[in-house]
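In the order they appear, the protein sequences are chains A and B.
No gaps in the numbering here: position 230 of the first sequence is 230 in UniProt numbering, and each next residue is one more.
No gaps in the numbering here: position 147 of the second sequence is 147 in UniProt numbering, and each next residue is one more.
These are computed hints drawn from the structure, not numbers from a lab.
Owing to the predicted nature of the structure, the values given are computational and were not obtained by experimental measurement.
Each hint should be verified, as a subset may be incorrect.
Unchecked claim - List of simulated lysine-lysine pairs, DSSO-like, C-alpha gap at most 30 Å: (1) B:K64 with B:K30; (2) B:K89 with A:K192; (3) B:K68 with B:K80; (4) B:K120 with B:K200; (5) B:K200 with B:K123; (6) A:K192 with A:K261; (7) A:K192 with B:K30; (8) B:K80 with B:K64; (9) B:K30 with A:K119.
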Amino acid sequence: MSTVTIDKSGPTRKVKYGSMSRDRTWALRWSYFFLTLFAIFSLVPPLYMLITSLKSSAEISAATNPWWVYHPTLSNYAELLTSNQFLRFFWNSAWVSIIVVTITMLISVPAAFALARMKFWGSATLATGVFLTYLIPDSLLFIPLFKMFAVIGDWTGVQLINRWYVLLFIYPTLTVPFCTWIMIGYFASIPKELDEAAIIDGASWFQTLTRIFIPVALPGLIAATIFAFTVSWAQFLYPLVFTTSTDQLVLPVGIITTLIKGDVFNWGQIMTGALLGAAPPLIIYAFLMDYYIAGLTAGATKG
Amino acid sequence: MVDVAFQSNRTAAAQAGRRRTGLRNALRRKSMAAFLMTLPLILLIAILVLYPAIYSLHLATLNKAMTKFVGLGNFEFLFKRETFWLVVKQSCIFAISAVVFKALIGFIVAHFVHNVPANKQRKWRGMLLVPWVIPPAMSTLAWLWLFDPSYSAFNYTLSFFGIGPIPWTGDAMWARFSVILVNVWYGAPFFMIMYLAALKSVPEQLYEAAAIDGANWWQRIWYVTLPMMRNIIAITTLFSLIVTFANFDIVRILTAGGPLDHTHIFATWAFRVGIEGSDIPLGASVSLFMVPILAVAAIFILRDITKRGNES
Numbered sequence: 001m002s003t004v005t006i007d008k009s010g011p012t013r014k015v016k017y018g019s020m021s022r023d024r025t026w027a028l029r030w031s032y033f034f035l036t037l038f039a040i041f042s043l044v045p046p047l048y049m050l051i052t053s054l055k056s057s058a059e060i061s062a063a064t065n066p067w068w069v070y071h072p073t074l075s076n077y078a079e080l081l082t083s084n085q086f087l088r089f090f091w092n093s094a095w096v097s098i099i100v101v102t103i104t105m106l107i108s109v110p111a112a113f114a115l116a117r118m119k120f121w122g123s124a125t126l127a128t129g130v131f132l133t134y135l136i137p138d139s140l141l142f143i144p145l146f147k148m149f150a151v152i153g154d155w156t157g158v159q160l161i162n163r164w165y166v167l168l169f170i171y172p173t174l175t176v177p178f179c180t181w182i183m184i185g186y187f188a189s190i191p192k193e194l195d196e197a198a199i200i201d202g203a204s205w206f207q208t209l210t211r212i213f214i215p216v217a218l219p220g221l222i223a224a225t226i227f228a229f230t231v232s233w234a235q236f237l238y239p240l241v242f243t244t245s246t247d248q249l250v251l252p253v254g255i256i257t258t259l260i261k262g263d264v265f266n267w268g269q270i271m272t273g274a275l276l277g278a279a280p281p282l283i284i285y286a287f288l289m290d291y292y293i294a295g296l297t298a299g300a301t302k303g
Numbered sequence: 001m002v003d004v005a006f007q008s009n010r011t012a013a014a015q016a017g018r019r020r021t022g023l024r025n026a027l028r029r030k031s032m033a034a035f036l037m038t039l040p041l042i043l044l045i046a047i048l049v050l051y052p053a054i055y056s057l058h059l060a061t062l063n064k065a066m067t068k069f070v071g072l073g074n075f076e077f078l079f080k081r082e083t084f085w086l087v088v089k090q091s092c093i094f095a096i097s098a099v100v101f102k103a104l105i106g107f108i109v110a111h112f113v114h115n116v117p118a119n120k121q122r123k124w125r126g127m128l129l130v131p132w133v134i135p136p137a138m139s140t141l142a143w144l145w146l147f148d149p150s151y152s153a154f155n156y157t158l159s160f161f162g163i164g165p166i167p168w169t170g171d172a173m174w175a176r177f178s179v180i181l182v183n184v185w186y187g188a189p190f191f192m193i194m195y196l197a198a199l200k201s202v203p204e205q206l207y208e209a210a211a212i213d214g215a216n217w218w219q220r221i222w223y224v225t226l227p228m229m230r231n232i233i234a235i236t237t238l239f240s241l242i243v244t245f246a247n248f249d250i251v252r253i254l255t256a257g258g259p260l261d262h263t264h265i266f267a268t269w270a271f272r273v274g275i276e277g278s279d280i281p282l283g284a285s286v287s288l289f290m291v292p293i294l295a296v297a298a299i300f301i302l303r304d305i306t307k308r309g310n311e312s
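Chain A extracted, bound-state conformation:
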């Protein structure tokens, strides 16, 4: 609301130019007004997480003003951060995401390079195929994948279901097509002269990729990395299907299955957990927003 300021400096002179600048001033005021409304709409749930996380359970059930904290306490944070379970979920999530990001980059960067630069038999079809793969949602594949991994377990005796590392096989199906697609776009925008010069100087294809393309396309690489991380951090359906034991769960599933016991909702802790689970993507986004947006608009992400 404070942003709806009345511009006192300009108008007296600007009015001389006629109605257009007056229109613009009003358009600007209306813009700020509605943007404030939309910003409130966007920020209510995260703020409410924060407010609730600072309340004790007594204050939550006292049904006082839900939008205000009368006796702020950090007890929810202390309890969660010292409980083994929660830390376990957090580390599971962190490990899964970090390894998946690494796998994704190792697979998608060379593939995107080959698809963007080295025209070969079927490369156009494969590029389209990558794009189509990216459109296949997790909610279509979770049942056959579950059955597949169960069958593998029966045949080989290697138990994959209900192990956190099964997610390392599955998450790349979400991240790889999409990061490859982004990277194809970035690589394609690099001037051809650069790699032609490198090839003439005797560089191999691999050297061209590591010495020229990766440094030049670094912004795209960062965007793809951020995306792969956010996608694996936020996944909910696959871990819900593939893991059940408490020590194998990742954060989103862990919070929902352990903090909600039947009909008993310990809201203080749930909100604290949700906020801590939302923190890593939010922190990355706060520092690397421009890369995130660049990736979003370049790759036309899921939404």
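Dock chain B against the given chain A, drawing on the hints supplied.
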């Protein structure tokens, strides 16, 4: 002697040959290198995406214990169930209304952000994109708490305006409204950022020319902005339609399909039937119903992309 001469002769010939076919060799090496570079990608897609997709077709034709081939029996069974038709109806209501509202809000907000002086845009963009950054499973928990029946923050606030307690997730109509609201909240920033990028690419001269011709605000949007943004609008909407249609976490956490299966969409019902009810073939059949919609949307998107590729 003869042997040596023959050998040296052969190497010489090979050398000459290599020089002559150097180009062809380089090309062969190139396609070999390209093949090796894309091999992990091909394997990943083939084993973990294409195979399961086909496998689910096979699964859908088995009986519950997965011992017998029942042909289209599962589908026959689904068509006779009232819940299935509820799910079809709800999936369509959910996806279409959520996408329409996301697109509208995204368009309006993008316009406002575009109006703001360039140096202040970053701050607004940052705040408005927050819903998109938070993992949906986490933010949906916050919404669930905001909708809580007894301590609901929304009902507390509404009571000041004399609006009675609303059964947000308890009543079928309100539960539908709630899941759509949360989905719109989560997905609108995506549209906002895509439209904002599109708006920035519209040349300023077009607006100036329109203004000189006396076009009003509405005419400028209708005759300048919309035609220039048509491609982005179409592609973003189709994308979002696919993802919204296949949504899982929001509905699962907020209502788990209830009350009385009224908010189930394909993904959540497939999970309920296939994993929780351990009838994997039936679950696979349910999720297969998403394929026609996805395919149609994908065809349109592809057409758009190849068209764009031809233009550039």
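Out of the numbered hints, which ones does the structure contradict?
Of the numbered hints given earlier, those the structure breaks are 1, 2, 6, listed in rising order.
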